[in-house]
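Participant: Protein chains in written order, with the numbering used here: chain A, 40 to 207; chain B, 120 to 258.
Calculated directly from the structure, the hints in this document are not laboratory data. Where is the CB? At the ideal position from N, CA and C, for every residue including glycine. Among the clues, some could well be false.
To be verified - Below, a sample of chain B positions facing chain A; criterion: calculated Cβ distance under 7 Å:
id, residue
1, Lys138
2, Lys142
3, Ala212
4, Glu213
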Amino acid sequence: MSTALKISTLKHPLFEKIVVDNICAGIRGTLDQLGTFKTEFQPHFFASEWTVPTPISVVLNLKQNDHPLQVRFHFDPKPVIEILEGMIGDKVDPESQDILDGVGEISNMIYGLIKTKASGSGFQFGMSRPEACFTKNLPPSLHPNGQSLVIPFSVNGGICHFEFIVFQ
Amino acid sequence: MFSPNTKYLIVDDFATMRKVVKKVLTELGYSDISEAEDGKQALQLIQEAAANGTPFQCIVSDWNMPNMTGLELLKACKADPKLKDIPFMLVTAESEKEQIIEAAKAGVSEYVVKPFNAATLKEKLTRVYNKHNPAAKAA
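All chains should be built: construct the whole structure from the sequences, respecting the hints.
Facilitator: Following this line, the structure appears as structure tokens:
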């Protein structure tokens, strides 16, 4: 259950339905190409503070028209391991740096497709190298007053989140 | 198609993707496969191999990497008379038309969008080989 401090819908152009749709299409499109994964989305929400419930995170620092943005992925390790073991054909240790490397690449691919779909809708986002970490080691935000769009989704039953942070 | 003793260089800052590409190349019968973590390291390996008389015969590189991107690596190879004819594939999550055009203008041999499967990579490698060996294709 989310412990987010939920806020009302923000009138921010990056939180429009079309962006949410592009994000979901990017996530589903990438996972469909990586294998047979059951991907389901839950209703998105907005938050200024919330507690990430899963142990692995990935951060991409971006800009749009010189405004800083941040994308974060938060993963349940179980579906990540299923994806990675399918990709590389080897066992993956959930406590190792290999899982962080792998989730970084998975996020890279998902974000690449999101970026393309968003571009088709008129939203131009930059690209940056995903930085993966265990959630307990997530760095503090580089900028104050962040507002998040959070999209929960499950992959083969494992709960994950896509978080899109805009800074005022 | 590239001969089984073709010398490959895989360039990607994520070890996972290097493993994926290496796995596919190995399944296709290739075994002379080296790796680099970024464009700068790759360029050094490419230059050394050429100087030693054992040049790489195909480069498979990511685009977004620290120190030197795949596009910068491609341009560096194209600017060097000893390296410019090495087949060079970009394998990347970047799939926007502008990026593909930029890569084409820089002289990329082929462009593969991640994620990809083994069949796609094999098809792209065949196209790269035919592009660089038109006589073989015509035969």
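Participant: Report holds or violated for the interface hint on Ala212(B), using the least CB-CB distance to chain A and a cut-off of 7 Å.
Facilitator: It holds, given that the least Cβ distance between Ala212(B) and chain A is near 3 Å, below 7 Å.
Participant: Just to be careful: measuring from the Cβ of Lys142(B) to every Cβ in chain A, is the smallest value less than 7 Å?
Facilitator: holds (6 Å)
Participant: Hint check: is the beta carbon of Lys138(B) less than 7 Å from a beta carbon of chain A?
Facilitator: holds (5 Å)
Participant: Does the nearest C-beta of chain A fall within a distance shorter than 7 Å of the C-beta of Glu213(B)?
Facilitator: holds (6 Å)
Checked against the numbered hints above, the structure breaks none of them.
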